[in-house]
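Q: Below, each chain spelled out in residue letters.
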Amino acid sequence: MNAIEFKYITKRFGDLTANYNVSFAVRKNSVHCLIGENGAGKSTLMKILFGIYKPDSGIIKINNVEKSFDSPLDAIKSNIGMLHQHFMLIEDFTILENVILGSEVTIKYKIDFEWSEKTLNNFNDKYNLGLNLEQKISEISISEQQKVEILKLLYRNSEILIFDEPTAVLSPVEVKEFYKIIEKFKDEGKTIILITHKLHEVKEIADRVTVLRRGEVVYETEKENLDINILSRKIVGDVILKNDISKETVMINQEDSVIKLSNITLRKNGHDILNKLNLSLHNGEIYGVCGVEGNGQSELVDLIFGLEKKFSGYLEKNTNKISLVPDDRLKKGMIKEFTIGENLILKDKNKLNITKKYLTGLTDEVINNFDVRVPENSVIMKLLSGGNQQKVIFAREIELNNDVLIFSHPTRGVDINATAFIHSKIIEQRNAGKAVLLISSDLDELLSLSDKFGVIYKGTLVKEFSSELENIQNETMKNKLLEKIGKLMIGISVE
Amino acid sequence: MEFLLNKKLKANIVSISISVVLTFLITIILLLILGKNPVVVLGTMFGEVFGSGYGLGQTLFKATPLIICGCGLAICFHASIFNIGAEGQLNAGSFVISLVAFYFSGLPFILLFPLCLLSGFIVSGVFGLIPAIIKIKKGVSEVISTIMLNFIILALVNYLLIDFFAVKSTVRTEKISESFMIPKFSEYFQMFQGSSLNLTFVFALLLALFTYYLIYKTSFGYKLRAVGFNETASKYMGIKNNKIILLAFFIGSGITSFVGINFIMGYKGYYELGFSNNLGFTAIAVALLAKNNPIGVIFSALLFGILDYGGLAVNNIVPKEIMFVIQGIVILSILSVDKLVEKYYG
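Listed in order, the protein sequences are those of chains S and D. Those letters in the first sequence? Residues 0 to 494, per numbering that gives the first Met the number 0, in order. Those letters in the second sequence? Residues 0 to 345, per numbering that gives the first Met the number 0, in order.
Hints are supplied without guarantee of correctness; some may be wrong.
[What the hints assert, rightly or not] Below are the DSS-like pairs computed for lysine-lysine, each with C-alpha atoms no more than 25 angstroms apart in a straight line:
1. S:Lys60 to S:Lys76
2. D:Lys290 to S:Lys330
3. S:Lys335 to D:Lys239
[What the hints assert, rightly or not] Over the 12 angstroms line for every Cβ pair with chain D, so calculated as not near, a few chain S residues:
4. Glu4
5. Asn28
6. Glu133
7. Leu169
8. Leu198
9. Lys486
In short, the hints are calculated from the structure, not lab data. Beta carbons: idealized from backbone N, C-alpha and C, even for Gly.
Take the sequences, apply the hints, and build the full model.
A: Laid out in structure tokens, this is it:
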């Protein structure tokens with residue numbers, strides 16, 4: 000039996016066709032992965048299913064009954080729930096208050112907190128979420144916030160669950176936990192649609208996969224016939240992946256560090272966010288930092304970048320020319336209401352060249368050199384896809400020609416093609432003799448790019464690897480290394 | 000930028016036009032409910048405003064301070080600073096302008112005029128800096144601090160005026176020298192005979208052009224808008240947010256003092272208690288209606304000028320307070336139509 004059936008769905012926005020004749024079915028009680036590049040139409044399709052958009056033509060059947068939703072409220076009433084990429088939580092409310100918001104159960108106009116708490120704790124135990132309902136959102140980590148969003152869906156009796164890139168913000172350990180929750184859902188008879196960029200995830204968890212490209216369904220396969228190589232080809236089409244740049248030996252005296260942190264401690268609200276941290280960056284070297292989110296990575300970046308000044312310990316900077324591609328591009332990396340050109344000159348010292356002609360020229364150059372895909376030269380950033388926004392930020396930071404480059408989660412939420420491009424640019428910078436700090440939760444990315452590699456746990460770099468990275472091609476060595484790193488990330492020490 | 004401006008401009012013009020039409024429809028219904036003939040009321044109003052040089056002059060005269068104050072507020076609003084303190088700020092500046100013009104009567108006009116501008120600007124600007132500093136140091140919302148400062152500034156001006164500077168048994172300052180008065184339009188154009196419209200209007204237009212240039216063409220304006228859109232990103236871009244906020248408060252508040260030029264040097268010759276008559280609040284609506292675009296401020300100030308003078312003209316048919324109602328309807332319809340048009344234009 001099919002839980003959902005899309006039939007000939009077409010949706011256009013002006014000249015852009017986001018979905019064209021999309022037809023496929025999602026079996027009840029299964030995990031269905033929907034994959035494709037940024038802008039392939041995955042999110043649009045899900046927004047149609049969730050009642051945010053109306054399709055221009057085509058129908059949707061839920062449990063074999065044709066449905067048409069005018070708003071998300073209708074979708075929720077049909078037991079469809081969606082976990083958005085960006086969480087919708089109120090920071091100053093507790094978990095409990097956030098979950099019941101909008102569907103409070105009341106007795107004589109008073110909210111029945113007791114009953115709500117009991118219900119939520121039931122879910123909490125059943126799915127091993129491990130949440131403390133009294134905590135405020137502002138006090139919990141991103142992965143816990145995600146669990147709160149999941150709790151919301153459960154509380155609203157969702158039978159069909161849509162997850163939009165749920166693992167993008169999770170560390171490897173948390174991803175495993177997340178899979179377990181998904182498996183539990185399946186056992187309960189729920190239906191799951193998973194949008195993702197990570198193919199190995201698909202292999203691990205999907206029962207059926209649908210690939211979208213340029214708004215159309217181009218491939219569909221069952222678990223048994225799943226082949227990652229075929230999938231990635233189907234996703235990008237006939238484009239050849241541009242991952243052809245390799246590391247060169249850089250002939251620079253690597254004895255002198257460009258930036259050196261010795262015994263750095265940073266205290267905030269009574270906690271040591273960074274704790275006696277030692278790190279040095281060298282020219283022509285990529286230093287990778289991995290760890291579970293919230294172990295001091297973003298503070299480390301702010302500290303090196305110069306925004307965090309209240310620390311103890313010794314920070315030696317031989318340069319102030321530092322570029323940064325921040326972790327949260329919408330919040331820290333760009334002004335989304337500005338055009339590409341206006342965003343490119345954000346870091347110019349004088350900013351006197353804001354003539355239209357100059358900006359147009361600059362934008363054209365970046366569009367060509369960085370393969371940014373835009374409808375128009377003068378488009379505002381908000382209207383670009385995540386991967387293209389990231390490329391613009393990359394262009395700005397690289398063109399500054401600084402001595403040190405910090406990349407924080409550079410490929411988060413970015414599709415395969417753009418990821419390959421961004422990786423090649425990072426290596427290019429290293430080969431040009433720049434010092435690079437790479438922070439990521441994607442272990443594959445870290446292992447393949449880094450020259451040196453540190454694991455951060457509770458504000459300390461607990462272990463550093465360098466020579467081990469040379470044998471990374473060897474599958475068994477790699478797995479051994481991964482296992483070690485995985486343990487270190489959650490605070491288990493290894494020899 | 001061109002693409003953005005064009006599309007945005009188009010959307011703005013569409014939404015403003017729809018709102019104005021909507022406002023007229025609602026006004027007509029309102030007049031019918033009151034038992035008045037809309038044709039007579041609106042006819043009289045527009046007849047008075049556009050039918051004579053005097054009416055036109057008075058309308059432009061009423062629009063002049065709104066343009067000036069609207070421009071100052073537009074600068075603040077672009078930095079996402081919701082300055083509700085213009086009423087106080089402009090009174091402080093205007094008061095000082097009247098004193099400077101009176102006590103430096105020995106100076107030639109060519110020196111005195113810039114001195115008046117400068118002193119008014121600095122005084123109003125400094126009163127704008129107070130909420131800015133509280134905001135930066137203590138994170139207090141400027142909405143609260145500026146609104147409270149209004150009372151403090153007005154009380155302070157009251158005290159200084161009545162205890163030290165007022166002409167005996169009045170609530171106004173001494174009259175400034177006749178030679179400092181700014182020429183009226185009627186001296187050049189016969190048609191404006193009797194109206195108070197003076198060259199300050201031209202000054203206001205130039206100020207709007209200058210403000211437009213400042214916001215959209217200069218490096219300062221660019222940073223101002225960046226901070227207004229996204230403070231966090233601006234910080235990461237190396238922009239000194241606090242400096243920008245201080246400057247926006249200082250310049251924006253400082254400009255509001257220039258409304259005193261129109262009243263003191265262009266009209267009465269003295270500062271008088273209550274001259275502003277909530278100008279500082281009306282200007283908020285003027286700036287909002289114009290989407291904080293200084294060129295748009297000219298037009299929205301004209302609309303408010305028409306309503307203001309038109310209200311006086313129809314006062315014997317309907318209470319002139321109905322114009323406040325219309326002002327309210329304009330703003331409400333702009334705000335609601337805006338969302339719809341925005342959706343349509345993407």
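Q: Hint by hint, note whether the structure agrees.
A: Right, here's what the structure says about each hint:
1. S:Lys60 to S:Lys76: 15 angstroms, holds
2. D:Lys290 to S:Lys330: Within the cut-off at roughly 24 angstroms; holds.
3. S:Lys335 to D:Lys239: OK: Lys335 (chain S) and Lys239 (chain D) at ~19 angstroms, within 25 angstroms.
4. Glu4: With a cut-off of 12 angstroms, Glu4 (chain S) remains clear of chain D, as the shortest Cβ separation is near 30 angstroms.
5. Asn28: 38 angstroms, holds
6. Glu133: With a cut-off of 12 angstroms, Glu133 (chain S) remains clear of chain D, as the shortest Cβ separation is near 27 angstroms.
7. Leu169: 23 angstroms, holds
8. Leu198: Correct as stated: the minimum Cβ-Cβ distance to chain D is 32 angstroms, above 12 angstroms.
9. Lys486: Answer for Lys486 (chain S): holds, closest chain D Cβ roughly 34 angstroms.
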